[in-house]
Amino acid sequence: ILNVEQSPQSLHVQEGDSTNFTCSFPSSNFYALHWYRWETAKSPEALFVMTLNGDEKKKGRISATLNTKEGYSYLYIKGSQPEDSATYLCAFPSNFGNEKLTFGTGTRLTIIP
Amino acid sequence: DTEVTQTPKHLVMGMTNKKSLKCEQHMGHRAMYWYKQKAKKPPELMFVYSYEKLSINESVPSRFSPECPNSSLLNLHLHALQPEDSALYLCASSQTGTGSSQPQHFGDGTRLSIL
Chain L
164 ILNVEQSPQS LHVQEGDSTN FTCSFPSSNF YALHWYRWET AKSPEALFVM TLNGDEKKKG
224 RISATLNTKE GYSYLYIKGS QPEDSATYLC AFPSNFGNEK LTFGTGTRLT IIP
Chain A
63 DTEVTQTPKH LVMGMTNKKS LKCEQHMGHR AMYWYKQKAK KPPELMFVYS YEKLSINESV
123 PSRFSPECPN SSLLNLHLHA LQPEDSALYL CASSQTGTGS SQPQHFGDGT RLSIL
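So the sequence lines, in the order shown, correspond to chains L and A. The numbering of the first sequence is my numbering, which starts it at 164 and goes up by one. The numbering of the second sequence is my numbering, which starts it at 63 and goes up by one.
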């Protein structure tokens, strides 16, 4: 059973502040690391798929880094807005085809206006 | 709007009923997935279809029966479910043959309640 852990479990952040949270995963047999954002009553939305050690990806105010040697990824949100409130899930494929994703338990982010 | 469409959005059924969940995508993806998600837990993979063939079954009980009639459609047939099967059922799709670099695209899910 793969162990994909996220911390913290939940987070309240003042609007305008920046924040970050962590996903840790097995460092052996690494294929990729996915990040998804899941807003209430909507479908999970892919943010990033990261494959190379040292990768840094950015989408607007959200960015992510990857360290495959030590088995962790950080997701950063700069200048949080109310629309950033969501659960952020990381997922780790256990096969090369990317089909078998194991999800972390998520970080539930609430932005306080 | 999601590009993966799931119907129905909500379903209430008795333990002796037979019903089906449907999923459709028109992105040309050849991999399709069913996940089960219980409250405050992450999605758990149930089945994967690749090129319309079942490639992964995560030891799911036989009361759940998947079907992939064509490359755009994925069904999940339900029969004699138990109350603990009440959950959100998510469908997803992705490109295949490109290694691990492609994300999965999810539908909004079907909220299933077993009486």
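Please note that a few of the clues may not be correct.
[Unchecked claim] With a Cα cut of at most 27 Å, we get these calculated DSSO-like pairs of lysine-lysine: (1) A:K81 - A:K98; (2) L:K205 - L:K232; (3) A:K102 - L:K263; (4) L:K205 - A:K100.
[Stated by the list, open to error] Residues of chain A placed beyond 10 Å of chain L at every Cβ, according to the derived structure: (5) K103; (6) E106; (7) L107; (8) A142.
Source of the hints: derived by calculation from the structure; they are not laboratory data. All residues carry an ideal CB built from backbone N, CA and C; glycine is no exception.
Tested hints:
no. : hint            : result
1   : A:K81 - A:K98   : 16 Å, holds
2   : L:K205 - L:K232 : 34 Å, violated
3   : A:K102 - L:K263 : 21 Å, holds
4   : L:K205 - A:K100 : 15 Å, holds
5   : K103            : 7 Å, violated
6   : E106            : 8 Å, violated
7   : L107            : 6 Å, violated
8   : A142            : 27 Å, holds
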